[in-house]
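Asker: Take a look at the letters that make up each chain.
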Amino acid sequence: MTAQHTVPLKIYFGVFIALCVLTGLTVWTAKHDYGALNTPIALSIAGVKALLVIMFFMHVKYSSKLTQLFAFAGFFWLAILLVFTLQDFMTRGMLNVYFFKT
Amino acid sequence: MSDHAHSTFGLAHHFDDLEQQHETGTLGMWAFLLTEVLFFGGMFGAYAVYRWSYPLDFQAASARLDVDLGGINTIVLIFSSLTMALGVYAAQKGSKNGIIAGLLATMFFGAIFLVVKYFEYKEKWEHHLIPGPNFDFGHQGHAVIGHEQLYFALYFAMTGMHALHMVVGMVIMCWMIKKAHRGDFTPEHYPLVENFGLYWHFVDIVWIFLFPLLYLVGAHSGDHAGITH
Amino acid sequence: MSSTLLTPPAPAAHASQPAKERTTYLTADYGWKSWLFTVDHKRIAILYLISIMVFFLIGGTFAILMRAELLTPKGDLFEAETYNKLFTMHGVVMIFFFLIPSIPAVLGNFLVPIMIGTKDLAFPKINLLSWYIYVVGGGATLYVAITGGVDTGWTFYAPYSSTYANTNVAAVAIAVFITGFSSILTGLNFIVTIHKMRAPGMTWFRMPLFLWAQYATSLIMMLGTPVLAITVLLLFAERAFHIGVFDPALGGDPVLFQHLFWFYSHPAVYIMILPGMGVVSEIIACFSKKRMFGYHFIAFSSLAIAIFGFVVWGHHMFVSGQSAYAGMVFSFLTMLVAIPSAVKVFNWIATLYKGQVSLETPMLYALGFIGLFTIGGVTGLFLAVMGLDRHVHDTYFVVAHFHYVMVGGMVMAFMGGIHFWWSKMFGRMYPEAMAQFAAVVIFVGFNFTFFPQFILGYMGMPRRYHQYNDEFTVLNVLSSAGATILGSGFLMSICYFIWSFKWGKQAPQNPWGAKGLEWEKAQSPPPTFNFEDGERIVVTEDAYAYTYEESHARTAPEVKK
Numbered sequence: 001m002t003a004q005h006t007v008p009l010k011i012y013f014g015v016f017i018a019l020c021v022l023t024g025l026t027v028w029t030a031k032h033d034y035g036a037l038n039t040p041i042a043l044s045i046a047g048v049k050a051l052l053v054i055m056f057f058m059h060v061k062y063s064s065k066l067t068q069l070f071a072f073a074g075f076f077w078l079a080i081l082l083v084f085t086l087q088d089f090m091t092r093g094m095l096n097v098y099f100f101k102t
Numbered sequence: 001m002s003d004h005a006h007s008t009f010g011l012a013h014h015f016d017d018l019e020q021q022h023e024t025g026t027l028g029m030w031a032f033l034l035t036e037v038l039f040f041g042g043m044f045g046a047y048a049v050y051r052w053s054y055p056l057d058f059q060a061a062s063a064r065l066d067v068d069l070g071g072i073n074t075i076v077l078i079f080s081s082l083t084m085a086l087g088v089y090a091a092q093k094g095s096k097n098g099i100i101a102g103l104l105a106t107m108f109f110g111a112i113f114l115v116v117k118y119f120e121y122k123e124k125w126e127h128h129l130i131p132g133p134n135f136d137f138g139h140q141g142h143a144v145i146g147h148e149q150l151y152f153a154l155y156f157a158m159t160g161m162h163a164l165h166m167v168v169g170m171v172i173m174c175w176m177i178k179k180a181h182r183g184d185f186t187p188e189h190y191p192l193v194e195n196f197g198l199y200w201h202f203v204d205i206v207w208i209f210l211f212p213l214l215y216l217v218g219a220h221s222g223d224h225a226g227i228t229h
Numbered sequence: 001m002s003s004t005l006l007t008p009p010a011p012a013a014h015a016s017q018p019a020k021e022r023t024t025y026l027t028a029d030y031g032w033k034s035w036l037f038t039v040d041h042k043r044i045a046i047l048y049l050i051s052i053m054v055f056f057l058i059g060g061t062f063a064i065l066m067r068a069e070l071l072t073p074k075g076d077l078f079e080a081e082t083y084n085k086l087f088t089m090h091g092v093v094m095i096f097f098f099l100i101p102s103i104p105a106v107l108g109n110f111l112v113p114i115m116i117g118t119k120d121l122a123f124p125k126i127n128l129l130s131w132y133i134y135v136v137g138g139g140a141t142l143y144v145a146i147t148g149g150v151d152t153g154w155t156f157y158a159p160y161s162s163t164y165a166n167t168n169v170a171a172v173a174i175a176v177f178i179t180g181f182s183s184i185l186t187g188l189n190f191i192v193t194i195h196k197m198r199a200p201g202m203t204w205f206r207m208p209l210f211l212w213a214q215y216a217t218s219l220i221m222m223l224g225t226p227v228l229a230i231t232v233l234l235l236f237a238e239r240a241f242h243i244g245v246f247d248p249a250l251g252g253d254p255v256l257f258q259h260l261f262w263f264y265s266h267p268a269v270y271i272m273i274l275p276g277m278g279v280v281s282e283i284i285a286c287f288s289k290k291r292m293f294g295y296h297f298i299a300f301s302s303l304a305i306a307i308f309g310f311v312v313w314g315h316h317m318f319v320s321g322q323s324a325y326a327g328m329v330f331s332f333l334t335m336l337v338a339i340p341s342a343v344k345v346f347n348w349i350a351t352l353y354k355g356q357v358s359l360e361t362p363m364l365y366a367l368g369f370i371g372l373f374t375i376g377g378v379t380g381l382f383l384a385v386m387g388l389d390r391h392v393h394d395t396y397f398v399v400a401h402f403h404y405v406m407v408g409g410m411v412m413a414f415m416g417g418i419h420f421w422w423s424k425m426f427g428r429m430y431p432e433a434m435a436q437f438a439a440v441v442i443f444v445g446f447n448f449t450f451f452p453q454f455i456l457g458y459m460g461m462p463r464r465y466h467q468y469n470d471e472f473t474v475l476n477v478l479s480s481a482g483a484t485i486l487g488s489g490f491l492m493s494i495c496y497f498i499w500s501f502k503w504g505k506q507a508p509q510n511p512w513g514a515k516g517l518e519w520e521k522a523q524s525p526p527p528t529f530n531f532e533d534g535e536r537i538v539v540t541e542d543a544y545a546y547t548y549e550e551s552h553a554r555t556a557p558e559v560k561k
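Chains as they are written, first to last, in the numbering used here: chain V, 1 to 102; chain D, 1 to 229; chain Y, 1 to 561.
Certain hints may be false.
Claimed, not checked - Ranges of calculated distance between the beta carbons of each label pair, as one might list FRET restraints:
#1 D:I172 to V:Y34: 38 to 46 Å
#2 D:G138 to V:Y62: 46 to 54 Å
#3 Y:H296 to V:G47: 35 to 43 Å
It should be emphasised that the hints constitute simulated quantities derived from the structure, not laboratory data.
Every residue gets a Cβ at the ideal spot worked out from N, C-alpha and C, and that includes glycine.
With the rest of the complex left out, here is chain V:
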């Protein structure tokens, strides 16, 4: 478990630098317009930052499979909420079957 493993200090500082660089990157890319790719780019950078915090600051890389399962289960369930809710709004009006047109 995490108690036994001490993460070396240089990893902490390395992750910290990476997080700052990525923050700068996301602000810089936001000031340019990439059309439809704006949101995916921003979310990808955020995803990488979150992964760094989870893996190293929260020690998940060095933790048991059970901990790793718990860590990612939450995001998986959130994905269910987002995907299934958005799929309603994104497909409104798509199937123009008369029965549903009331």
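Once you've looked at the hints, dock chains D and Y against the given chain V.
Answerer: Just chains D and Y now, with coordinates in the frame of chain V:
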């Protein structure tokens, strides 16, 4: 958690050994964070639906936020995550002063974050951007429904809930500093520090997603202070 | 029945020591402080038992008042607004304060540590906190009920609840928000306990199926309830500050409320039924004296129901304006979620086949569950079909469907479980003949109450109406008559349970001859730390390890293996 009452190296009566007790406590904190992901997730869901439905209004509303201030706050919170991780490292090494220094530094950065947030909220209040009867985005002459109010409702709900979680964290840190000072943590028994660290990093992760979703939506539209539609 | 676990046998003096001569968890300490500040999971279970019975009686009273109104076609007993408040409070109280906590908080709290072979749950103080939160939330809801109630329906649909209702929606939203944390903390406790505190030798596939059911239920409690929490918080903000998130006039979308609400509330119905299925598994195995047929299938089907239950919520929203495409997706997935439930029913029946079936009260309830849950579940499939749902949505067909699964299923499972483990919890037997009679009364009353409602719904009688057309009268009278019978069956049970505290027969450690750590290793009632002091529980057998002799003692005693 049962462990905080037994940090005087005691084994709680219903555990077989300290290792089981620690693993249980950490798993409990992860389970709690799981629920927090879903809790914030509901608001992210509402945000996703409305941003998908009204992209231009969200862009215009987001352009009223100060991107640079938000970026600085993000760095501040990352600093606080680092100092928290260093505090846990100090606990592993048995350094009482290290723990206290790490916690104090984390609180310091957390406080800066909250102070900046306060000024941001104050500025919104002055510009009539708080949802409710006084909301006024400045659509003089526009007859359409301003979905910008929806954006700001979610902005305050999400950042407000995040700030509330930070305040709770700060209070717990005060208590932890007191315990560290009393010598309650040993290299074999520091579960409270480690589990609180998990909580604090989670709060940081929420902000990592809030920042691009709330601040950077309209950052490319050029005009940051004015009305674009 | 002799214990077949390979641990050193407990000293003979303890094996059948009557409760009066030793210290049990009930007698370990006296005084209200020892109960209200306890961290013993068994005492907390009893605290929950008392609280949920209070709420059951309150919710039941609302139901009786509703059925009294529906005796006649005209709305003559109550105003329409009052009737709206009655069905709303009936739903809120029964769902949040009776059904959701019932088996997990009472039987789960009592049995999970014992069945796992440990002294307490992972976080005993959080367990107590969970009960405190429940009481505070319940008190707040009762306050709302007394000060005028809420009339939105337990589903609180926007924009009526968020903008137009004149009743105390904000207060009840906060009450539900608070209560949700009770659920979350209980689920968290069970999950961590089952992962980390199993006795040596208790592998996942040696656990009793009740524990698998509790684990699956706890998954749902932890993953779904937080979304309800944020939804009612947003509803409160909408009510108090008019932020516009669900108000079309300000750009919001009421259908979003429904998505967020049902993301929790559909899995919530699986919170309500899965523990019941776990109880039924235990009872069927014990009263057939057989190993569970298809143990792995039942275990995995519990997880499958928990997981699949999260992707079907849109079947509550077929007529809400949801997209046709989303409706099709949800309809298809809803039909899939019926499969694991059917798997369980088949396995229970296969367990009964050629088993030594005896019809004690718990078994009567379990058999009733199988029949009534099947009817309820199958009518759920009717509702999953979009075209049919269009016709019966918001009619009494839906009301009958969910009462068949909730009352015919869950409440019967709860009654079966309470009867099954009553001797373990209190050291007394309930009166068997009277209990069997009450079970039959409840079964008959239940069917008279709710079967006519399927017909009423199909004929078109809408739900949540206090008056109806004359052609529906006969079936409504039948339903109300049945409700009286059902109610008297429950009252009978409460009476003899209370009677049994003083005059019930002293219970032996294992009156049913069942397998399981709670029967074989723990006294009736157990001591505070569950097992004899210092006894180390080591598990070497599978669950339900009935020997050949035990399985055939009555039907073929002369056959020797």
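Asker: Give a verdict on every hint.
Answerer: Right, here's what the structure says about each hint:
{"no.": "1", "hint": "D:I172 to V:Y34: 38 to 46 Å", "verdict": "41 Å, holds"}
{"no.": "2", "hint": "D:G138 to V:Y62: 46 to 54 Å", "verdict": "52 Å, holds"}
{"no.": "3", "hint": "Y:H296 to V:G47: 35 to 43 Å", "verdict": "37 Å, holds"}
Of the hints listed earlier, there is not a single one the structure fails to meet.
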